[in-house]
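J.: Protein chains in written order, with the working numbering: chain B, 1 to 876; chain V, 1001 to 1120.
It is worth saying that the hints were derived from the structure and are not from the lab.
Values in this document were obtained by computation on a predicted structure and should not be read as measured data.
Heads up, the beta-carbon is just placed ideally off N, CA and C, and yes, glycines get one too.
This list has only true hints and no planted wrong ones.
Straight-line distance between alpha carbons at most 27 Å, and here's what the computed BS3-like set of lysine-lysine pairs gives:
#1 Lys-511/B to Lys-342/B
#2 Lys-246/B to Lys-264/B
#3 Lys-835/B to Lys-511/B
#4 Lys-1078/V to Lys-48/B
#5 Lys-1036/V to Lys-48/B
#6 Lys-264/B to Lys-239/B
#7 Lys-1036/V to Lys-1080/V
#8 Lys-1080/V to Lys-10/B
#9 Lys-1090/V to Lys-1036/V
#10 Lys-489/B to Lys-375/B
#11 Lys-539/B to Lys-264/B
#12 Lys-375/B to Lys-871/B
#13 Lys-48/B to Lys-1080/V
#14 Lys-1078/V to Lys-10/B
#15 Lys-70/B to Lys-375/B
Here are some chain B residues pointing at chain V (derived, C-beta under 7 Å):
#16 Ala-25
#17 Val-29
#18 Leu-59
Here are the in silico distance ranges between beta carbons for each label pair:
#19 Gly-72/B to Asn-1076/V: 40 to 46 Å
#20 Tyr-1069/V to Gly-87/B: 55 to 61 Å
#21 Thr-389/B to Ala-1086/V: 39 to 45 Å
#22 Thr-1041/V to Ala-382/B: 45 to 51 Å
#23 Ala-14/B to Arg-1083/V: 18 to 24 Å
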Amino acid sequence: MNWRRFFRRKRADAELMQEIESYMAEEIVERVARGVPAQEARRQAHIKFGNSSAVRDTLWQQNTISVLDKTGRDLRYSVRTLLRTPGFSLMAIGVMALCIGASTSLFTIVQSALLKPLPFRDPANLVMVYERYRLNEFPIWYAVVAPGDYLDWRAETHGFADMAAWTPWNFNLSGEHAELPEAVRAGGSTWNFFSLLGVRPTLGRTFSEAEDHWGADTVVLTWDLFERRFGGNPAILGKQIHLSSKPYTVIGVLPRSFRYPNAKVQLWVPYQSVTPPEYLHSYAYHTSHVVARQRPDVSLANAIAQVSNVQARLHAGYPNQAVSEAAIPRTLNDDLGSDVKKPLLLLVCAVACMLLIGCLNLANLLVARGAARQKEVAIRGALGAQRWTLIREQLMESGLICLAGGVLGVALSIAATRWMIGTWKDLPSASSIHVDGAILAFASGLVFLTALSAGFLPAVSSTGKPVLAGLQASVRTVGGSLSRTALRKGLLTVEIAATVVLLVASGLLLKNFLELRATDLRCATDNVLTMSYSLPKQKYDTSDKVTAFHESLLDRIALLPGVQAVGLGETVPGTGEVEGDVFSIPEHPRSSGEDLSIALVRRADPGYFRALQIPLLSGRFFTRQDPDVEHRGNKVIINDAFAQKWFPGENPMGKHLKVPLWGDGEYEIVGVVADTLHQVNAPPSPTIYLQQLEGSVLHGTLVVRTAGDPLLFSLPIQKQIAALDSELPVSSVLTMRQIVGESLGDLRLMTSLVLAFAVLSLVLASVGLYGVLSYLMTQRTTELGIRIALGAQRGQVLWLILLDGLRPALFGLGFGLILSMAVTRVIRSFLYGVKPLDPSVFCIVTLTLLAVATLACIAPAWRASRLDPMKALRTE
Amino acid sequence: MAKKNQPDSEMLKGTLDMMILRTLVGGDAHGHTIAKIIERTSEDVLEVEQGSLYPALHRLEDRRWVSSYWGASENNRKAKFYRLTAEGRKQLVRETSRWQQMTRAIGLVMGEELAGSGGE
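All chains, please: the whole structure from these sequences, using the hints.
T.: Structure, rendered in structure tokens:
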């Protein structure tokens, strides 16, 4: 083998021809010299030389690298065959593009969200440490950590190399002269947080140990904020910015890659500057996320056991406070991706299913083509083509289809991924998702696998049968090739079964989504606008000022034309916010060893329940009547669930609650209101409502019920806020409907994606069904012609073909339904409003599939019944 | 799909290659001359098939045992001349000694057989 020669074969051939020519000339001259006449000399020379093309052939082959040559020929041949049937090729390429595109997109996201290491030093050794309660009634598994717990853990255990803490915070960011106010999310980090993660600031420095104290005024910016708000100008270092009206000095800028815990957190301040000193050593003030670096010589279990020991001791020491019993670790990736992992896995399964269906479909189409080319294959076999050559050629065809589909698919997936990042909000590190080498490798692998799996079966099945049988079969077929028909029907059955599984899953998710969207939060959701603000502590430093602001704002808004009711709280139903506290009831002394009682805590002003139309069951709402602001806070309202759980069969009115975290005072229950849902997919939880207007609550969410479109009121209301305080930014201007929608946003996306995959699969399956049946019909044309000629009724023929097509569909349906019952167990955790074996979904899926299958079968069956027997008998 | 229909072509090729190399010891020559020389020296016992001559020449060139150039033939026609390279000369020596061993061996076997049959 010689590469140089291989590529210069043409030239070698030309040279050879010249050589032969000169040989002939010499030979002729020699003979003429011997006295042979010219004509005769030429003839003799030719005879002597023999077949000159045979010589050329031999040399050509000698110079040829056979593998390369064969591949090239297969390639040319495949391209030609594919171009001859553009309809088939386009359809097949389209199918593959969709399948490969969808799977590549999802792989992109899975890779970035779940597989890619975080931009920290040695991220595998980092873990989050949470507190863990044994309480059953409260849905917290990984509880955030109290500052006192963290400090004790760090001081008293030595299982971790180091531990750091951060706590989420909100600021109103404005310029030095209060210009351009905006609400930003922030983090308060302990001084060792960045060094523990191994993150170095791009500019300046991070916090020093001495700076981590109450009243500290240094701030570190994220790169996004630095670029967006300060134009990327390093001169900002050492300058002051105002956070909630208090000046802070910028000491550093974090690297671009640092987007922890998500891109919404814009700046960092010292941990203790946002942890009031009175809570710094509290074991019940749960605010912080603790991240720890493992020591190489201590196992994680051992380190956690040490922390748990400390925690168990603390729990025993404070029996009346919300101090948990143990600690529990979680990897950083799980911590960040916990909300997307399950939906992503579900989507991956859906895509794998679709990929399978796509492959089966392609295989089916190829089998059909193989059947159509049966005679060609047989003749080539008869002429000496080896079986492997024929298989190779068909594999090349499916390979080309998959390659074209793959290229298109990757292009498609780049667009789709961009769209998904924009739409899916919970995705961590969304901006770091992009197509890279790993993804291209994945796509190529996928192309290779699909090509092989889709091409191999048809290739093997269409070749390798006895030549004579093939030739005979193509001349006069009456029964069709039974084995191949069985193969096609088998493929079809699997395809339909997979489709049914996808349809059932998507049907359940869709129904679930619709039910959730229609969930009655048990409060007013139509024409209700909500809007949040946070008063800066520096400016509103007395409870009188705070209350005066809230009250005058409420009064002003109530006077706006079109406003029916207005209320103020910290949050509204449906947001999914879970904030709870431990309490005790002095009237019900707790027996020792009993678990702590815990309930959700909400704030409400006197108008809150009326604005949200939450009915009062007994007692009264809060009032503003008590002019002594200090004592307003001593009254609480509970919801029905609370009353049912802790005051069964007795009147809760006038009873008291003690909440250790709020001090030693007792809180008198003055009213009971109806339950609302704090989250659309969770049952109502026992809830305590506290007075919002007691002077210390800086954060407020306005609830305004209006006469018309609530969004029209957002500007007038913001003007009222600006009239009271022009520096105060407003955030989260949302209607109640939007809040419900937002909380379902990802579910909606996931549902629509799975549904899209299911519909696509249904289309693929019906195309497959149609293709198979059309092919069967053409194969049986002669047979049908004979039947009709012998007097078969059109209707009988119609049924014959229809049933032939519906049989695999029915088998597939049966298998699919059985499989679905198993699969629904997997998606059970996503279903809230629907039972996994919801009969209506199963019925609708069955009917849809039957309808689509019948539709796909009816056209070929109809054509069969309209056959002209004379024409049918004459075909071939 | 080429089919090899000469089961003993390997051996023939080998001897043809050797003879071509031997011919070129006398000086550069083109295909026609090479064929003629082989035929004449073998007293017309061996007839060089053109079907194997040219592939053999190209093969030898491929292995760098001969080199080629275009020149004018005795009759002033353009012809491709082949020349023995140093590599080719070594190969010829190897081939020749192998050939001699082979003929001697075959001769020994055949000679004994003949002698035995003659004795009876």
